Amino acid sequence: NAGVTQTPKFRVLKTGQSMTLLCAQDMNHEYMYWYRQDPGMGLRLIHYSVGEGTTAKGEVPDGYNVSRLKKQNFLLGLESAAPSQTSVYFCASRGSGARTDTQYFGPGTRLTVL
Amino acid sequence: AQSVSQHNHHVILSEAASLELGCNYSYGGTVNLFWYVQYPGQHLQLLLKYFSGDPLVKGIKGFEAEFIKSKFSFNLRKPSVQWSDTAEYFCAVSFQKLVFGTGTRLLVSP
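Residue numbers (my numbering), protein chains in the order written: chain P, -10 to 103; chain U, 135 to 244.
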């Protein structure tokens, strides 16, 4: 049982390049989330998904797209990377009941955009 | 809009000192409350959570938090910190979605 995994762990991009971050969970969780963490700003929600085939915008969705084609995977895409997207990205998942409100986090992806 | 405030951005303590980190939220309805910890270079781990019942919640590693509904607060406490508690601590409140505070960096000197 690996929990929540993220690939890659590190990535450096040039402005304008594209990339996809992969999040996978093996806990059969319905909900999945993508956050970015920046110094002094805590974690901010980018996009989330309440189930396979569904996605929704979070607090800071601009410049990102997501897809949830399979229940266990949640992909975060940057079509044209900008330096402002330099951050640490965390994926999280949780179950669907009120008593399963705890989110479990992946190890993070450190992205630098030059 | 719902928000979560952590008043202390940086805290420096000596080992064996007592710790209290403040967390307040703005929302009048039912919420679930969490404290997460992030050790240097690692991902967020759940420290403790409150859903209902006893407002004094005990978590891992000797941490506890008290939910005071009238004050919209969920402060984190530990009677005696250790060097290994050096980390960043995040309060989070679930208003349908999870909203995080900006975090408190704790440095415990040996």
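Calculated from the structure, these hints are not laboratory results. Just so we're clear, the structure is a prediction, and the values are computed from it rather than from any experiment. Any given hint could be a false lead.
[Stated by the list, open to error] Heads up, incomplete: computed chain U residues facing chain P, CB under 7 Å, no partners named:
1. Leu178
2. Lys183
3. Ser186
4. Gly187
Note that the Cβ used here is the ideal one computed from N, Cα and C, for glycine as well.
Each hint tested on the structure:
1. Leu178: holds (4 Å)
2. Lys183: At about 6 Å, which falls below the 7 Å cut-off, the nearest Cβ of chain P leaves the hint on lysine 183 of chain U intact, so it holds.
3. Ser186: Constraint on serine 186 of chain U not satisfied, violated at 10 Å.
4. Gly187: violated (12 Å)
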